[in-house]
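Protein sequence lines, in the order shown, are assigned to chains A and B.
Take any residue in the first sequence, count from 1 to its spot, add 57: that is its number in the numbering used here.
Take any residue in the second sequence, count from 1 to its spot, add 33: that is its number in the numbering used here.
Think of the hints as simulated: they come from the structure by calculation, not from any bench.
Honestly, I wouldn't trust all of these hints.
Distance windows between CB atoms, simulated [as the list claims (entries may be wrong)]: (1) R262/A <-> L301/B: 56 to 62 Å; (2) F342/B <-> P123/A: 34 to 40 Å; (3) A335/B <-> R262/A: 42 to 48 Å.
Some but not every residue of chain B turned toward chain A, in silico, with C-beta under 8 Å [said to hold, decoys possible]: (4) L90; (5) S182; (6) W225.
Pulled from the structure, derived: some chain A residues nowhere near chain B, Cβ distances all over 12 Å [to be verified]: (7) P130; (8) T131; (9) R174; (10) Y215; (11) P270; (12) A290.
Where a beta carbon is used, it is the ideal one built from N, C-alpha and C, also for glycine.
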Amino acid sequence: MTIQAQTRPARPARPAPRRGLRMAGRISGSTLTFVLLIIAAIFVLLPLFWLLSTAFKTPNAAFALPPKWVSKPTTSNFSTLLTGQFGKSILNSLIVAVASTAVALLLGVPAGYSFARSPVRGGKIINSWFILAYVAPPAIFIIPLYIIYQHLGLLDTYPGLVLAYETGLLPFTVWLMRVYFADVPKELDEAAWIDGCSKMRALWRVVLPTVWPGITTVGLLVGLASWGEYFGAAILTGQRTQTAPVAVYSYVGTVTSNWSELAAAGLIVVVPALLATIAVQRGFVSGLTFGAVKQ
Amino acid sequence: MTVPATQRRTRPGQLPGPGAPSRIAALRNWSAFDRRFFRLAAVPAFLAVFVITAVPLVIGLGLSFSSVTSTHNGVFPLTFANYQHLWDDSEVHTVLINTVIYVVLAVGLETLLGLGLALLMTRKNRAISVFRVIFLLPLTVAGIAAAISWGALLNTSQGWVDYFLKLAHLPQPNWLASATTAMPSVVLVDLWSGVPVVAVIVLAALLSAPKDPIEAALVDGAGPWARFRYVTFPAIRPALVLAALLRTVAAFQQFALFQVLTGGGPGLNTTVLNFYVYQQTIVFNNIGYGAALAMLLLVVMAVPLLVLFVFSRRR
Numbered sequence: 058m059t060i061q062a063q064t065r066p067a068r069p070a071r072p073a074p075r076r077g078l079r080m081a082g083r084i085s086g087s088t089l090t091f092v093l094l095i096i097a098a099i100f101v102l103l104p105l106f107w108l109l110s111t112a113f114k115t116p117n118a119a120f121a122l123p124p125k126w127v128s129k130p131t132t133s134n135f136s137t138l139l140t141g142q143f144g145k146s147i148l149n150s151l152i153v154a155v156a157s158t159a160v161a162l163l164l165g166v167p168a169g170y171s172f173a174r175s176p177v178r179g180g181k182i183i184n185s186w187f188i189l190a191y192v193a194p195p196a197i198f199i200i201p202l203y204i205i206y207q208h209l210g211l212l213d214t215y216p217g218l219v220l221a222y223e224t225g226l227l228p229f230t231v232w233l234m235r236v237y238f239a240d241v242p243k244e245l246d247e248a249a250w251i252d253g254c255s256k257m258r259a260l261w262r263v264v265l266p267t268v269w270p271g272i273t274t275v276g277l278l279v280g281l282a283s284w285g286e287y288f289g290a291a292i293l294t295g296q297r298t299q300t301a302p303v304a305v306y307s308y309v310g311t312v313t314s315n316w317s318e319l320a321a322a323g324l325i326v327v328v329p330a331l332l333a334t335i336a337v338q339r340g341f342v343s344g345l346t347f348g349a350v351k352q
Numbered sequence: 034m035t036v037p038a039t040q041r042r043t044r045p046g047q048l049p050g051p052g053a054p055s056r057i058a059a060l061r062n063w064s065a066f067d068r069r070f071f072r073l074a075a076v077p078a079f080l081a082v083f084v085i086t087a088v089p090l091v092i093g094l095g096l097s098f099s100s101v102t103s104t105h106n107g108v109f110p111l112t113f114a115n116y117q118h119l120w121d122d123s124e125v126h127t128v129l130i131n132t133v134i135y136v137v138l139a140v141g142l143e144t145l146l147g148l149g150l151a152l153l154m155t156r157k158n159r160a161i162s163v164f165r166v167i168f169l170l171p172l173t174v175a176g177i178a179a180a181i182s183w184g185a186l187l188n189t190s191q192g193w194v195d196y197f198l199k200l201a202h203l204p205q206p207n208w209l210a211s212a213t214t215a216m217p218s219v220v221l222v223d224l225w226s227g228v229p230v231v232a233v234i235v236l237a238a239l240l241s242a243p244k245d246p247i248e249a250a251l252v253d254g255a256g257p258w259a260r261f262r263y264v265t266f267p268a269i270r271p272a273l274v275l276a277a278l279l280r281t282v283a284a285f286q287q288f289a290l291f292q293v294l295t296g297g298g299p300g301l302n303t304t305v306l307n308f309y310v311y312q313q314t315i316v317f318n319n320i321g322y323g324a325a326l327a328m329l330l331l332v333v334m335a336v337p338l339l340v341l342f343v344f345s346r347r348r
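Just chain B, with the same shape it has in the complex:
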C-alpha cells in the first residue's frame, strides 16, 4: 500500500494490542483531516440526540421536585412532597402491582409461546412458509389498529368472540369490563402482537444456527429433549433474551391498548404505571406529581432490564 507518510502516524502511546487490530489500522491510515471528517459526520446526530433527550430528562427531573399542580402554576417552592405522595399513596401501590402483573404475564407468556411457535416453524416446506408470512403480519399492525379491532371482537353484547362462545355453549365472560378478566384480556391482546415478534426473532436465530451440532447429537443418540436442551437452546439463547428484552420494553411502554380497551378500568384494575403517568400529567394536570411518577417508571423499568442484561452476559 502506498500510504502517504502523513497518514502513517499512530497516536503516541497507542500500542497495537490484541483484539483491536481494526482500531489501530484505522488510526494509522487516517490523517487528522480524516478524523475530523468522521467527527463532523457524527456530531450533528450526537448533539441532536443529546439535546432532545437530556433536556427533557433534566426538566422532568426538575419538575418532579417542583410544586406545579392543577391549581398551583409556579415551580417553586422546591419540595419532596411529590415523592412523599407517591410513596404514601395506596393508589400507586395498586398501580405498581398491576404493572408487575402485566409485564410478567405478557413477557413470560410471549417468550414461552413465541419460542414454541418458532420451533413449530423450523421445518421448511411450502405450508410452513405460508405460516411464516401470517405470523409476520402483527408486526406491521399499529397498536391502535389492533386495539380497536380487539375491542370490537371482545365487545360483550356484539363481539364475535362471545358469539362463538355462545354457539359452543361456553361461558361468555364480560371480557374488558369485569374486574377479574380485564387484565387477562389486555394481556391476551398484547400476546397477539408480542408472540409473533418473539417467534420471528427466534426463528431467524434457529434458521441461522449451524446444523452440524444437531446432527452430531442425533448420531450420538441424544433424544429430542436433550437435543433441545444442550444443542438448540444454547444456540438461540441470545436471540431469546433479546426478544424478551424488547417485549419488556414494549410492555412498560404499552399505552394504546389500555386507553382503547379499558381506559385503565374497571376501577384501577388495568391502570399500569405508564398509563397512570399519562393520566396524572395530561388528564389531571398534576405536572409535578406526574413527573415524579415518570421517574419512578424509569427506575421500575430499569430493574428487569438490568436482570435480563446480566442474564444475557452470563454464559
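Bound conformation, chain A alone:
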C-alpha cells in the first residue's frame, strides 16, 4: 500500500476557484440529500414506531391524543395474547413456516443442483412454467384448491396449507438454488468425482458446504414468506390451524376498541421476521431478485 502511494505520480492540481465552487455545491447537495433521507426515514419508521410504542401501552393510553410518548410500559398485552387463542396461532404459523421451508428445501435443493449442472430437455419450458407459478396471483391456485380441499377434507389442515404455499415457494426455491449452484465452479464437483467420490457424496461433502450460505438465505426467505402470508391462510385455515396473520386480522374485527393488543399482535408477527432478515442480510437482495442482482 505504502509503496503504491509513493510511486503514484502526483496529480496535477486543479485550478483553485473551480475546486471551491465544487465544494460549495457538494455541501448544499449533501444537506438536501440528508433532508430528503430524513423525511423518507420518518415515513418508513412511523408505523413501526406506532406498533412498538402502542404494543406496550395500556388500552386507554393507546388512544390518547396527543400521543403519550412516555408512558409506563406494560407487557400485559403480550401476556393476554400469548395465553389466549393467539398463542396457538403463533404456534400454527411456526409449524407452517418450518414445514413449508423443509419441503421447499428438500425438494428444491436437489432440483436446483440438477438444473444448474445438467442440461435438461425442455428446460426452457420448465423455467417458464416455474416463473408463471411464482408470478401468478395466488387466487388462481388457492381458490380452486379451496374447492378441491372441500372434497378431500384438507381444509383447515397443516398439509393443505403447506401444499398451497409450495405453489409459489417451491418454484422460487428451485430457481434461486439453481443460481447459487451455478456460481459454484463445475470443476469443484469434477475434482471430487475424480478423487473417487460418488455423485451423492460429492454433492453432500463438497458442493453443499459451498452453497450453504445460499441454502440458509433461501430457507429464511421461504420461511419468512410463509410466516407472514395472509391471503391463502385466510381462505384455507379455520379454527384449528389459523395462523398468526389471520389472527391479527380477527383482532381488527372484534376488538376494535383495543389497539394496544392489536399492536402487540402485529409486533409479534414482525419481530421474528426482522431477526431472520438480519441473519440473512446480504442474501436478501439476491433472493428478492431471483439472483439477478447480487450485493
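Using the hints, position chain B against chain A.
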C-alpha cells in the same frame, strides 16, 4: 484428466457449438448413470410443482365454464354465462378501472421514488449506512402488520396523522373512508412497502456497477444529467425493470391492504380485481363466476408483465 472411456461418450449429432461449451463438457463427462442421477434429483420437485399448479389451474378453468353458484351446486350444464356476465357487468368495468389506477399509480410512483431514494444513498459514509438499514425494514414487515399499523395511523378521529395535520392547521382528510382519498391512501401504504424494495434493488445495482465509466464521463466534462442519462441509467436499467416487474406482480396480488384498510370500499371505490375474485368466490360463494374472474385476472396481469418483459429485452 483421466476420464473412463464410458464417460467420454458424446450424444450423437451434438456438435460443440459456440455458446454452449459447458453443456457439451457436461455431456461428455457424464455417464448415463450420472444423467439419471440428475434427472432423479429434479423429478420430485418438478412433479410437485406441476401437480400443485396445473391441477388447480385446469380445475379453475373448468369451473369458469361451470354453472356453480351460491344456489346451484352442480357443475353442469357447461356454459359461457360466467364470461358473458363479466363482460356485461358494469361492476367489473369499475373494478378493472380501479385495478389499472392502482397498479399504474403504485408501480409508477414506487419505481420513480425508489430510484430517487437509491441515488440518494449511493455515497458511502456512516450516516448513509444507517439509512440503508432503515429502508431495509419494510421489506421484512408482513403486509398484515403494515396494514393494521397504517389503519390506526390514518384513523379519522384517533389517528396520529390527522392529529399532526390538525396541529399544523392543515386539512384532515377522511383518509380511508372518503371516495376521493381512499384509493390514494391505499397506494400510499403500498408505497411504504414498495419504494424500499425498488430502492434496495437499484442500490445494489448502483453499488456493483463499474466506477470507471462514470470517472471517464467526468473527465470528459459530462454534466450530472448527462452522466446519469448515458452512464448510470444504462447500468442500472435491468435492475430497475426487474424491480418494476416485482412490484407489478405484488400490486396485482395485493390483498391484505384492501381487506384491512378499506374492505374494497367506500362503495366499490377500492375494489380491485384480486379482491373482487376473493369476494365473489369466498364471500358470496359464486364459484363459477369467481373462477371466470380469476381467469380475467390472469389475462389482465399478463399484459403489463409482457410489456415490461419486452422492454427489458430491448437494448
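Inset, instruction - Go through the numbered hints given earlier and state which of them the structure violates, listing their numbers in rising order. - result: 2, 9, 12
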